[in-house]
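Line order of the protein sequences matches chains A and B.
The working numbering numbers the first residue of the first sequence as 418 and each following residue consecutively.
The working numbering numbers the first residue of the second sequence as 26 and each following residue consecutively.
Wrong hints could be hidden among the right ones.
Label pairs and their computed distance ranges (CB to CB) [stated by the list, open to error]:
| id | chain 1 | residue 1 | chain 2 | residue 2 | range |
| --- | --- | --- | --- | --- | --- |
| 1 | A | T441 | B | I82 | 41 to 47 Å |
| 2 | A | Q514 | B | K127 | 52 to 58 Å |
| 3 | A | G728 | B | K127 | 41 to 47 Å |
| 4 | B | D45 | A | K461 | 55 to 61 Å |
No lab work stands behind these hints: they were computed from the structure.
Note that beta-carbon positions come from the ideal geometry of N, C-alpha and C, so glycine has one too.
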Amino acid sequence: MARPALAYIVGAYEHPTRDAGDKTMAELQADVALGALEDAGLSKADVDGFFCGPDAPGTGPLSIADYLNLNLRHVDTTNTSGSSYLLHVSHAAQAIQAGKCDIALVTLTGRPRAEGRGKGGLVRVDNPQQPDYQWEAPFGMQILNMYGMTAMRHMHLYGTTSEQLAWIKVAASHHAQHNERAFTRKVHTVEEVVNSPMVCDPLHRLDCCVVTDGGGAVIVTRPEIAKSLKRPLVKVIGAGERPEHQQGGYFEITTTGAAVSGKIAFEQAGVTPAEIKYASLYDSFTITVLLQIEDLGFCKKGEAGRFVMDGNLISGVGKLPFNTDGGGLCNNHPGNRGGMTKIIEAVRQVRGEAHPAVQVKNCDLALANGIGGQLGVRHASGTLILERE
Amino acid sequence: MSERKYIEPQPSAETQPFWDGAKQGKLLVRSCRSCDKAHWYPRNHCPLCGSRDLEWIEASGKGEVYSYSYMRRADPPYVMAYVTLAEGPTMMTNLVECDADKIRIGDKVQVKFIETSGGVHLPMFTPQSAVP
Numbered sequence: 418m419a420r421p422a423l424a425y426i427v428g429a430y431e432h433p434t435r436d437a438g439d440k441t442m443a444e445l446q447a448d449v450a451l452g453a454l455e456d457a458g459l460s461k462a463d464v465d466g467f468f469c470g471p472d473a474p475g476t477g478p479l480s481i482a483d484y485l486n487l488n489l490r491h492v493d494t495t496n497t498s499g500s501s502y503l504l505h506v507s508h509a510a511q512a513i514q515a516g517k518c519d520i521a522l523v524t525l526t527g528r529p530r531a532e533g534r535g536k537g538g539l540v541r542v543d544n545p546q547q548p549d550y551q552w553e554a555p556f557g558m559q560i561l562n563m564y565g566m567t568a569m570r571h572m573h574l575y576g577t578t579s580e581q582l583a584w585i586k587v588a589a590s591h592h593a594q595h596n597e598r599a600f601t602r603k604v605h606t607v608e609e610v611v612n613s614p615m616v617c618d619p620l621h622r623l624d625c626c627v628v629t630d631g632g633g634a635v636i637v638t639r640p641e642i643a644k645s646l647k648r649p650l651v652k653v654i655g656a657g658e659r660p661e662h663q664q665g666g667y668f669e670i671t672t673t674g675a676a677v678s679g680k681i682a683f684e685q686a687g688v689t690p691a692e693i694k695y696a697s698l699y700d701s702f703t704i705t706v707l708l709q710i711e712d713l714g715f716c717k718k719g720e721a722g723r724f725v726m727d728g729n730l731i732s733g734v735g736k737l738p739f740n741t742d743g744g745g746l747c748n749n750h751p752g753n754r755g756g757m758t759k760i761i762e763a764v765r766q767v768r769g770e771a772h773p774a775v776q777v778k779n780c781d782l783a784l785a786n787g788i789g790g791q792l793g794v795r796h797a798s799g800t801l802i803l804e805r806e
Numbered sequence: 026m027s028e029r030k031y032i033e034p035q036p037s038a039e040t041q042p043f044w045d046g047a048k049q050g051k052l053l054v055r056s057c058r059s060c061d062k063a064h065w066y067p068r069n070h071c072p073l074c075g076s077r078d079l080e081w082i083e084a085s086g087k088g089e090v091y092s093y094s095y096m097r098r099a100d101p102p103y104v105m106a107y108v109t110l111a112e113g114p115t116m117m118t119n120l121v122e123c124d125a126d127k128i129r130i131g132d133k134v135q136v137k138f139i140e141t142s143g144g145v146h147l148p149m150f151t152p153q154s155a156v157p
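Produce the entire structure from the sequences given, and follow the hints as far as they go.
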């Protein structure tokens, strides 16, 4: 029985660059927008909804709408950092269902390498006006140590090991070797990961994602338009979102927003985690993947360490093929925001257009999840469930 | 190894009593008269029940390590941590005057104020066994 569609993803495009050089953010926005439209078989004049994050330069969507000369009747600039683009697809589906737009363009671009942020860690600048600033910035809060504390507590509560976390990088690297555009195609062993320099206990250098330039875009539309196009039909059948935070000082950092966003998406889709053939999981760090596997219901809480071992995330080998493009850990994490590339690889899998070496057989049901912000303090999870029609 | 430079907190009217207390060696937390719970970080409303009927209470300064991470590549390295206060909430802090390789989650710790170059006293924690 056909499940009801929220909307269809009819175009998907990943920018080929990993080093943007002299290319401006606006040019990257144009590249990904036009690339996704071409993939869909649509033109710029068809777009009437535009969804972007703060990576799009200018006030909200205005400068890029001007630059691209878009004729719009709906915009949304929801910002939950790296997961924004999963929320944008969900919000686009809602807007389409409400009749507010017909063809929605969702973009992401970034150039941290070109801007010199590729070395010495991910620099984020918090605003002193944030109510949390004075309680966090003076203590040296950084992305790294928030994920470090999250991993440390998971190890304490459940006996998770560095070797288990390393298996996540190993699986991503097995996939990346087939991706000629991957930032790094080197196949890693568990030993190499745990012997790479410790940057922030208990995370090693190879537990961290790559820093890349580039971006991507997707096109979301209504069923009648999707069916008039020539691309394989990828329908969104479930979507969920969940901001998570410190809850007044009473929180458990090893539980992510995916526990809620996943539940909402699975209930809406009417499917179970066991039915998912492929998962794009946000992989800013190995620990991010581990927690999503538990919170999305692919295994019980505390058991993901054992779940990911022995290649269980490797396509053709394990039970849950993940990030078959090499993910943010090896392929691409444009603008330090990995949500868009998660959607794009899930679309490729559902279309049957992933690299043949990693294409999941009969991939009729896939999931994409994003964790934006920082585990351990404040983040938002966005879940999408995609089905081939 | 460089001397640690702290980002200066920027107190507001809402939080100034906390930083004034810190200067006197007191760890103040906001507690709600309606739901009787302390919260972190301090606010003029209770994030647990929404009440505005709050008081400052002096915490015992005792707590235990909720989690930690040793920032090895920072110059100088430091230990980021969450400490669960005896009064209930868990707060972000650093662990100081301790052997970073011997810290364990659950360790008992005691507040220790560290002064910034701007003269603000930051609430950090040290193992209780290290306190005379």
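Consistency of beta-carbon spacing, K461 (chain A) to D45 (chain B), with hint 55 to 61 Å: With a Cβ separation near 58 Å, D45 (chain B) and K461 (chain A) satisfy 55 to 61 Å, so the hint holds.
Hint check for K127 (chain B) and G728 (chain A) - Cβ pair distance inside 41 to 47 Å: violated, 35 Å
41 to 47 Å as the expected CB spacing between I82 (chain B) and T441 (chain A), which holds or is violated: violated, 54 Å
Range hint 52 to 58 Å (beta carbons of Q514 (chain A) and K127 (chain B)) holds or violated: holds, 57 Å
The structure fails hints 1, 3 (numbered hints given earlier, in ascending order).
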